[in-house]
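One-letter residues, chain by chain:
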Amino acid sequence: MFGRNLSSFWAATALAACALTSGRAALAAETKSFVVSWFLQAANSYDGDCPDGINPLPEDMFRIELRSIGLPDNQIEEIVGGVNGGDATPEVEDTLVNRGRHNGKPMNAYTYPETVPDVGFHEVKGKYAYGFNLDGKETATNYEDPDTHEKGVDNQYWRALGCNINHRGTRTERPAEWSLHWELNRNSMPAWLISVTADDFTKDGDVTVNLYKALERVSRDANGYVRADSTFRIDPDPRWQNTLHGKIKDGAISITQPHEVHLSGDPYMLTDLDMTKAQARLKINADDGTIEGVLGGYIPWRRVLFIYGSSGWNSETMLGTDIPGAYHALKRHADAYPDPKTGMNTAISTAFRIVGIPAYVVRMDAKAE
Amino acid sequence: MKIIKKRFRSTTSLIAGLIACGAAAVATGPSAVDAATEAVAQESNGVVIRRLSQEQYETIIADVFGPGMKIGGRFEPVPREEGLLAVGAARVGLTTAGFEQYDAIARTIAAQVVDPTHRKVLIPCKPAAANGPDDACAKQFLASAGRLLYRRPLTDREINLQVKAANQGATALKDFYAGIESSLALMLVAPQFLYRQERMEADPDNAGQMRLNGYAKASRLSFLFWNTAPDPQLLSAAESGELHTAKGLTAQVERLMASPRMEAGVRAFFTDMLGFDKFGTLAKDGSIYPKFTTHVSEDAQEQTLRTITNLLLVNRGDYRDLFTTRKTFLTPLLASVYGVPLLQNKPNGYPESWHAQEYPAGDPRAGILTHISFVSLHSHPGRTSPTIRGKAMREMIMCQRVPDPPGNVNFTVVQDTTNPLYKTARERLTAHATEAMCTGCHKITDPLGLSLENFDSAGSYRTKENGAALDTSGTLNAATFKDAAGLGQAMHDSPAVSQCLVRRLSTFALGRQTAPTESDWVKALNDGFAADKYRLPDLMKRIATSPEFFRVKARPGA
Numbered sequence: 014m015f016g017r018n019l020s021s022f023w024a025a026t027a028l029a030a031c032a033l034t035s036g037r038a039a040l041a042a043e044t045k046s047f048v049v050s051w052f053l054q055a056a057n058s059y060d061g062d063c064p065d066g067i068n069p070l071p072e073d074m075f076r077i078e079l080r081s082i083g084l085p086d087n088q089i090e091e092i093v094g095g096v097n098g099g100d101a102t103p104e105v106e107d108t109l110v111n112r113g114r115h116n117g118k119p120m121n122a123y124t125y126p127e128t129v130p131d132v133g134f135h136e137v138k139g140k141y142a143y144g145f146n147l148d149g150k151e152t153a154t155n156y157e158d159p160d161t162h163e164k165g166v167d168n169q170y171w172r173a174l175g176c177n178i179n180h181r182g183t184r185t186e187r188p189a190e191w192s193l194h195w196e197l198n199r200n201s202m203p204a205w206l207i208s209v210t211a212d213d214f215t216k217d218g219d220v221t222v223n224l225y226k227a228l229e230r231v232s233r234d235a236n237g238y239v240r241a242d243s244t245f246r247i248d249p250d251p252r253w254q255n256t257l258h259g260k261i262k263d264g265a266i267s268i269t270q271p272h273e274v275h276l277s278g279d280p281y282m283l284t285d286l287d288m289t290k291a292q293a294r295l296k297i298n299a300d301d302g303t304i305e306g307v308l309g310g311y312i313p314w315r316r317v318l319f320i321y322g323s324s325g326w327n328s329e330t331m332l333g334t335d336i337p338g339a340y341h342a343l344k345r346h347a348d349a350y351p352d353p354k355t356g357m358n359t360a361i362s363t364a365f366r367i368v369g370i371p372a373y374v375v376r377m378d379a380k381a382e
Numbered sequence: 418m419k420i421i422k423k424r425f426r427s428t429t430s431l432i433a434g435l436i437a438c439g440a441a442a443v444a445t446g447p448s449a450v451d452a453a454t455e456a457v458a459q460e461s462n463g464v465v466i467r468r469l470s471q472e473q474y475e476t477i478i479a480d481v482f483g484p485g486m487k488i489g490g491r492f493e494p495v496p497r498e499e500g501l502l503a504v505g506a507a508r509v510g511l512t513t514a515g516f517e518q519y520d521a522i523a524r525t526i527a528a529q530v531v532d533p534t535h536r537k538v539l540i541p542c543k544p545a546a547a548n549g550p551d552d553a554c555a556k557q558f559l560a561s562a563g564r565l566l567y568r569r570p571l572t573d574r575e576i577n578l579q580v581k582a583a584n585q586g587a588t589a590l591k592d593f594y595a596g597i598e599s600s601l602a603l604m605l606v607a608p609q610f611l612y613r614q615e616r617m618e619a620d621p622d623n624a625g626q627m628r629l630n631g632y633a634k635a636s637r638l639s640f641l642f643w644n645t646a647p648d649p650q651l652l653s654a655a656e657s658g659e660l661h662t663a664k665g666l667t668a669q670v671e672r673l674m675a676s677p678r679m680e681a682g683v684r685a686f687f688t689d690m691l692g693f694d695k696f697g698t699l700a701k702d703g704s705i706y707p708k709f710t711t712h713v714s715e716d717a718q719e720q721t722l723r724t725i726t727n728l729l730l731v732n733r734g735d736y737r738d739l740f741t742t743r744k745t746f747l748t749p750l751l752a753s754v755y756g757v758p759l760l761q762n763k764p765n766g767y768p769e770s771w772h773a774q775e776y777p778a779g780d781p782r783a784g785i786l787t788h789i790s791f792v793s794l795h796s797h798p799g800r801t802s803p804t805i806r807g808k809a810m811r812e813m814i815m816c817q818r819v820p821d822p823p824g825n826v827n828f829t830v831v832q833d834t835t836n837p838l839y840k841t842a843r844e845r846l847t848a849h850a851t852e853a854m855c856t857g858c859h860k861i862t863d864p865l866g867l868s869l870e871n872f873d874s875a876g877s878y879r880t881k882e883n884g885a886a887l888d889t890s891g892t893l894n895a896a897t898f899k900d901a902a903g904l905g906q907a908m909h910d911s912p913a914v915s916q917c918l919v920r921r922l923s924t925f926a927l928g929r930q931t932a933p934t935e936s937d938w939v940k941a942l943n944d945g946f947a948a949d950k951y952r953l954p955d956l957m958k959r960i961a962t963s964p965e966f967f968r969v970k971a972r973p974g975a
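Each protein sequence line maps, in turn, to chains L and S.
So the mapping is simple: our numbering equals the position in the first sequence, first residue as 1, plus 13.
So the mapping is simple: our numbering equals the position in the second sequence, first residue as 1, plus 417.
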């Protein structure tokens, strides 16, 4: 009667113009719905995974980059000494923001990161990383998933930036960069929804996973977390409605038919999540009704860069990712969809940890409209 | 009574002293002293002097000076007596700190009234010169505002003192409006404003007897129906003597009842009866009940009040149906706590709006006892309490007295929710109640409270506690039930519930508990309530139009 399995009463009266996804898909089917509470890079840091070391913090990166553009050490120290944790004078900030060089002229390092020499981010060389074998191959640049032990895991985004201190994390210890972005922006971005439909969640069989963009934003509870059991409408725009098919086995849901996923996010984070060959594995926690898992696929690497570049100076000095460095690393490790003209890969393999909490999800009923 | 009188005397002395010492050098002490003395002199048998509640104060200020007045601060709490703050309000004095709060608020209001924006609208005349006194203009404003604030015309002596205060202020500060401001501030801390004083007069129809004067009657009516001071029309009815006639009284009662403002009176009564003042200090453990926020707390009260006014006023329904109704109102926030879907259907950022809801037949949520406003208010921060819930039902809803537990009770078994031997509250209470000294009271409270165990301390629905299935069966007198819906039906059918409403409402109206000599009146009200199919407005009308509502005794020796 309660929870997300709804009586026909509610469908008929309380939400007259909408159709509830919960329990409404088919007589025999059961649907469980969630609102995404966390969406983060699927970090899997452990001792030794970055044998070349963790990438230096911004001040040291600035030194390297300023040195590479020919500034003398005493001037470099004067500039870097003024960074002061991001609370720099306008002059210092201006100098560092415009540390790119083109024909000897200063260039904005965030708008034109290619004008800053590559500092050469250390890459993640460990054996294990979350994700999926997206291309069906096993190569030297692939990982093994630590949970499923699937080989040939493609996750070059992790390789590119996983040795930055603010990307370090595990399943239970959220990486700082993504945590902060998600925490700050989910208040203003439309909620993302997950609806999982199966004939019987207690038995093995087919499963459908729908990923939606909501019209509503999330609300917070007393602890600042996303409030459970809220009601969301699915954005009727078909661009943000994604249906993935898979199997449920022993309670574990896995997508067996890779598909595109498109979700609209926040301009300061992921303007759009455009993922191709998306795969996912999810599990519903019987104790608290939450869902958690990994979503992986290819996304345009420049879209990833925008996560960092959009907040430029603040992102660098507060979160610690050297943006030109990220640009070079992402470009270097991009591994799919080569540009027909340049031959350069335009997409990078990724894996994200996705967590959802119970919610009511309703679809605007076309007939009622 | 002696104690009360003594306390009141000291309060009024305090007011006088404070005003004389610090309120304003230009202000006249005698005004307040006179007012205080006069107030004390009015105290008499059958006459109740009640301090305005904060809501009443704020409403009056809004009525008199407009809703734009900013009123900061928080008034001193009032003790709950006879189950109501309305009775406690007749038994409180004022501390120094409390008076300082009133004084600060009064000054804030007075300053707003005379500011260049408001003076144009609120002060009906222009002074001959803005930099000095103008007694005629001051009198025009102060007499008009004073009539509404004091709920009666000011006496000549009172108005002269107020005008004198305004004159002195204007002269000293070379500003007419500063004078008005200081005089108005004095009026706003006067006992005549802060306390609902009731004056008697000789009853011309009954030689040797006293009666409430028309203005006192007007106040009783207005505060009962609208929870605010009488409007000009009611004051005129008081002045003309209309309220002393049955026809005139009935006409005014019907006018008050026909107004949308009656909802304010009904809300005030149920807010008091249901103890919603306790929400001010209600806290929940966020780690256990993350959905429970201060907004939930506010919405929960509003949900119940909307349910009540919709059933009792809009639909003129049976009071007893409050305990069984499946109709209510929800915000998306409340819906998330209850675990039901609810669409706002508005753009992001809009304030959450209210939506009419109806739980389906068979749903365990029925009646206001299953509302968050009841189950959360009568629970511990981290767990439910069937005992507290049962006690609240007995005392609030059924007007029965449940003794407090003895001081040496060992609550360890009840409080330990982690004991694997006693997973549910029922099991813990059963173990606890084996102590002889506890059994008696728990027999009264627990069979009621345990039937609400489907609702946790925040009001969310559950079927298990610590993995164990909940047994929500209960009993009330001869009635047995299996869940909260059954409890609601049993409450609906219990004569004690409707009788309690009559008792509470009459007490609320009078500001005191009814006396044994008034038992016939109470019985007649109960009979009438039943004859009226338990419709609250009809009961209010019966109270307001009955002679007992206004009856006072002659002062001994009078």
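Hints should not be assumed to be uniformly reliable.
Claimed, not checked - Going by beta-carbon spacing under 10 Å, a handful of chain S positions derived as facing chain L:
{"no.": "1", "residue": "M679"}
{"no.": "2", "residue": "E680"}
{"no.": "3", "residue": "P707"}
{"no.": "4", "residue": "K708"}
{"no.": "5", "residue": "F746"}
{"no.": "6", "residue": "G756"}
In case anyone wonders, no lab produced these hints; they're calculated from the structure.
Note that beta-carbon positions come from the ideal geometry of N, C-alpha and C, so glycine has one too.
Hints that the structure is at odds with (numbers, increasing): Hints 1, 2, 5 not satisfied by this model.
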